[in-house]
Each structure stands twice: as C-alpha cells, then as structure tokens.
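Single-letter residue listing:
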Amino acid sequence: MISALELGLVYAVMALGVYLTFRILNFPDLTVDGSYTSGAATAAILITNGTHWALAMVAAFFVGTAAGLITGLLHTKGKIDGLLAGILTMIALYSVNLRIMGGANIPLLGQDTLFSGLAGFGVGRNWQSVAVLFVLVFVLKLVLDWFLHTDMGLALQATGDNEEMIRSYGVSTDRMKILGLMLSNGLVALCGSAMAQYQGFSDISMGIGLILVGLASVIVGQAIFGTRTVFIATFAVIVGAVLYRVIIQLALNAGLNPNDMKLISAALVVLALLLPQFGIAKRLSIRSRATADSSSPAAVDAEADAPTPQEATRA
Amino acid sequence: MLEIRDVSKTFFPNTVNERKALRGIDLHLDEGDFVTVIGSNGAGKSTVLNTIAGKLTPDTGSVSVAGKDVTKMADHRRAQWIGRVFQDPTAGTAPNLTIQENMALAFRRGHVRGLAAGVSKSRKDLFREALTTLELGLENRLTTKVGLLSGGQRQALSLLMATFSGPKILLLDEHTAALDPSRAELVTRLTEQVVAEHRLTTLMVTHNMDQALQVGNRLIMMHDGEIILELDEQEKAGKTAQDLLAEFGKIKGAVVDDKTMLQ
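Taken in order, these protein sequences are the chains called A and B. Taking this note's numbering as reference, the numbering of the first sequence is continuous, increasing by one, and the terminal residue is 894. Taking this note's numbering as reference, the numbering of the second sequence is continuous, increasing by one, and the terminal residue is 1196.
Derived from the structure by calculation, the hints contain no laboratory data. Please note that the accuracy of each hint is not assured.
When the alpha-carbon atoms are kept at most 16 Å apart in a straight line, the in silico EDC-like pairs for lysine to aspartate or glutamate are as follows [what the hints assert, rightly or not]:
#1 B:1005 / B:1021
#2 B:988 / A:753
#3 B:988 / A:743
#4 B:953 / B:1165
#5 B:988 / A:742
To give an idea of the interface, some chain A residues facing chain B are shown, with a C-beta separation under 8 Å as derived from the structure [claimed, not checked]:
#6 695
#7 728
#8 748
Predicted model, so just to flag it, every value in this text is computed and none were measured. Idealized CB from N, CA, C, for every residue including glycine.
Let the hints inform the model, and build the full structure from the sequences given.
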C-alpha cells in the first residue's frame, strides 16, 4: 500500500498538469502521453551521463514545455482541432523519445536519483517517503494555486471560462492557451522524470494511456471534493491521483490480471463521467458542472423577456 | 474619437448566399458622443459594432480610434481602447470566477498581466467602491461566483466592468434586450449614469425605439447595410417612436418603389 501511495503522489504532478488543460483551459490535451515519456527519457539519459538528478528533472520540465508549445502552436496558429493537435504531437514524440534515449529503454539501476537522494537523507521507504512526497506535491500545488490567482493566472482561467469575454479585455487567448499547454506538459514531463527514477528505468511505452490516469484523477477527485475554489480543486486532483492508484492496487490484490489495467482505467473514467449524470455523485460534488449552473439564471431571464412591450415597438 | 470611413463588408462573397452587410458606411463620433443605432434585423447594426471591435475586418474602408488607424489590428489588441457589452448577459463575464476576480480581469485592460496578485487588498477596496454604484448589493458578495448571479445582475456587472477601466469607446449591442422590463430599465439607467460620469464615446445598438430616443445625443437608423437617417441632438428632441416608424416606412417604401421600377 505504501508503494500505491507513493505512486499516486508521483502521478499527482501529472494530474495537476492535466487539470490545467482539461479543467482550466477546457482543452482535452492528448500530448501528455508523449510528453510524459519525453520527461522520463530526458531525465534518464541525463542521469546516466552523470548529470545531477535535480538538474535532469528541470531539463525534463523544459522538454515538456516545448512539447506543449508545439501542440499550442498547431492549435492556435495552425487552427488545427485541439484533439488532433495533441494526437499529432503525441505521435511525433514517440520517434523523438526513441531518439532521446537512443533505444527503447534506459535502466537507472545504481544511479543517483531523487529517491536514492531521499534515502541518503535517512528517509525510509515507508510512511516517511509518503510524507516527504506529499509535502513536495503540496508545495507544487500551492505554487500552482498562487499562479492561478495572479493577473496572468486569472487571464488563463478566463480563457477557458469565457474566451470571447477575456478577448474583449485585451487578452490574447492564443497566447494563454499556449502558456497553459506549456505549463501542463512541463508538469507532465516532470512527473515522467520522477517516475523513471522511481521505477528505475525509462521506457518508450510508459506513457501509453497516461491521459486516462490523469483524467481519472481529476474527475474522481473533483467528484468527491467539488471545485468551489482553485485551492480545493487542486487538492482534489492530488487526492484523486492517490485514490486512483489505491483502487488499482486493490483491484490487483483482488486477483485481477495486470494486463487488464488499461481496461480497468478506462472503465473507471467512464464510471466517473457517467455517475454524475445519474445524480448519484451530484450530492457529493457541490459544483462540478459549472457551465450548466451558470447559464441557467440568465436563460430564465431571457425566456421571461420574450413577450415584453419592447417587442411592440420593434421595427 | 471614432472615425469610420467608407466601410463595406460582404459575407459569403461570390456564392448564392452572398450578402452585402455594409455598403460604404461613414460615421464620425466626437469625444463624448452617445449615438443610438436602430434598424431592422439584418440592417448591419451588429456588423458595424463587430467591425469597430475588430471581430470582422472590413472589405474596404478604414476604422480609426482616437486618430489611430486600427483597421487591421487584432480584436484583443484594440480592446485596450474599446469596452463592449453584449446582448447575452452570460457573454460579458466569466461564470466560474468570482465577482472580484472578474473585476480584476477588467481592471487590467490595457496593462501587461504579470504575476501580481489579481485581487489585492487595495484592489478589493476599489472594486467594492465601484460595485456600490450599481446599488445591487454586489459589493457584499465579492467572492460569489458570477455564474450564480441573475441575468440582470450579470449585465449590470458586465457594464461596470466594461467601463470602469477607462476605455475610450463603449460599444453596447442590444445589451438590455435579453432582460425583463424592470431590469432593462435599471441597466439603461446605469448606462446613462456611467457614460455621463466617464464622458464615454458610446455607440449603442437597440431594437427599442423609445430607448433610442430617450438616451444619447445622436441617433442613426440603418437599413440594408446603409445609414438611412441621422438625427442630431435638436432633431432628435421632438421625435417620437411613431415619427421614426413613419420615417422608416417612407424610406423602406422608396426602396420597394425602386425595385418595382426595375421590374
């Protein structure tokens, strides 16, 4: 169970990235399958060549932002549909990742990594490592919360919330989308670099289906905690990521075949998406479908206005 | 302050659906002018507003704001001078952000958006003070998400947001049409108040002839992509909605006559 918690906390970094695009920008970004592996590949090749793991992780973050930049440019300047732009980058990254690693995988056994570093500080692989990881992820969450409340962050939020409106206040929504995609994929690649160190290798196929893990984390977490404020929403994402790993762990303990993992993940996401529609989770989440809420009061007004005296004088 | 010269716009050119939305529009607004725009559906009222805001690029002609030619400038770049309120009350605010966050977004119009806190203590005081002028009690609900407000409240907030960051030009596109009569009256009153206070150069599209005569110092009537009638302050003063309708019928009749003559 300790390893499930650790894994969940590592995945939480990626889930925060997915939250940025999926929830804040309202953009389903599939780049993450590729950029996650890019992060892992970058960190692995750098670490095996003697770079300090911390520096390697920073490099991984920037490789991720580059991937996000490409998807962003394809979508905004190239006017390619968001889903397709993400898929194009993801597929292209497969080859790029092979190039980065010079092969299909790189073992990190015996190398100095984040986790060997933690062990060096006397942090055991038990509740201690879980606590340390939680603190690290929580600090990252706080930084993200802070950013989303700056002038720039609010403009980013507004871009996903009401694009037309924020343009009328002088914000280039193209630039905001690119920024959001860069940050998101940076976080995803950072997560990939941490995961490579955690499992002791980087592998070309490690990112396949990752977007589902991210979506599951975001949806499950927010179905439980709601999204009333950014502070709560990002916390929900972290809890969702950990919960997801715990559920998978329990499923495996119960004797399910590890080969069925992806199927279970997909089923979990479908379940999380369908349950609110049937009203079961509605009581749990205070506000998960904000768009539906927001349009209703105005719509009532608009309907009520139909037979007004104004109509009589309309030319 | 606002200069539109010989602006034409054709939608779907060279197709069966070709529609000439604007046919050589000329319009000049001095600083502080408040012009109301009336006309039938498809007359080109909204197209004029969208051309000024930069949502549409005219086929010919030019648009300049405060002496600066903005014809080719992207909409979000000229937004630093141009405030807009849309017909749809949900269009002018971000529903999932709070009232104070929406105010912060509006507050940074024309400024670089950096990493300063969007809602600082001093800004909060400023927002509260501005919201007080609406007399809707929104100043006590700063952390309420805007999506929870009624249409009238959202439209009043949109109007405040569009104006309090000091645009040079205010564009109102039937911004009271989707509200019930009492809310429409409130928003109209607020509009007059805020335009007078900031001496805003304003262009207001409306379907309501009484409203068009009641507010503003000038009135233009559009039909089929052209300005067919212009009234200045004095000419406008004595007119009633009936007069306008009669005027409209006369000109529309003339158009019909032209057509019959061609056949």
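Consistency of the hints with the structure:
This hinted pair does not check out: residue 1005 of chain B and residue 1021 of chain B have alpha carbons roughly 27 Å apart, beyond 16 Å. Our distance criterion of 16 Å between C-alpha atoms is met by residue 988 of chain B and residue 753 of chain A, whose separation comes to about 15 Å. Restraint check: the Cα-Cα separation between residue 988 of chain B and residue 743 of chain A comes to about 10 Å, which is no more than 16 Å; the hinted pair holds. Our distance criterion of 16 Å between C-alpha atoms is broken by residue 953 of chain B and residue 1165 of chain B, whose separation comes to about 27 Å.
The straight-line distance between the Cα atoms of residue 988 of chain B and residue 742 of chain A is roughly 13 Å, inside the 16 Å bound, and the hint therefore holds. Below 8 Å, beta-carbon pairs count as interface contacts, and residue 695 of chain A has none with chain B, the closest being about 35 Å; its hint is therefore violated. Against a cut-off of 8 Å between C-beta atoms, the interface hint on residue 728 of chain A holds, since the closest Cβ of chain B lies about 5 Å away. With a least beta-carbon distance of about 5 Å to chain B, the hint placing residue 748 of chain A at the interface is held under the 8 Å criterion.
Consistency with the previously given hints fails for numbers 1, 4, 6, ordered from lowest to highest.
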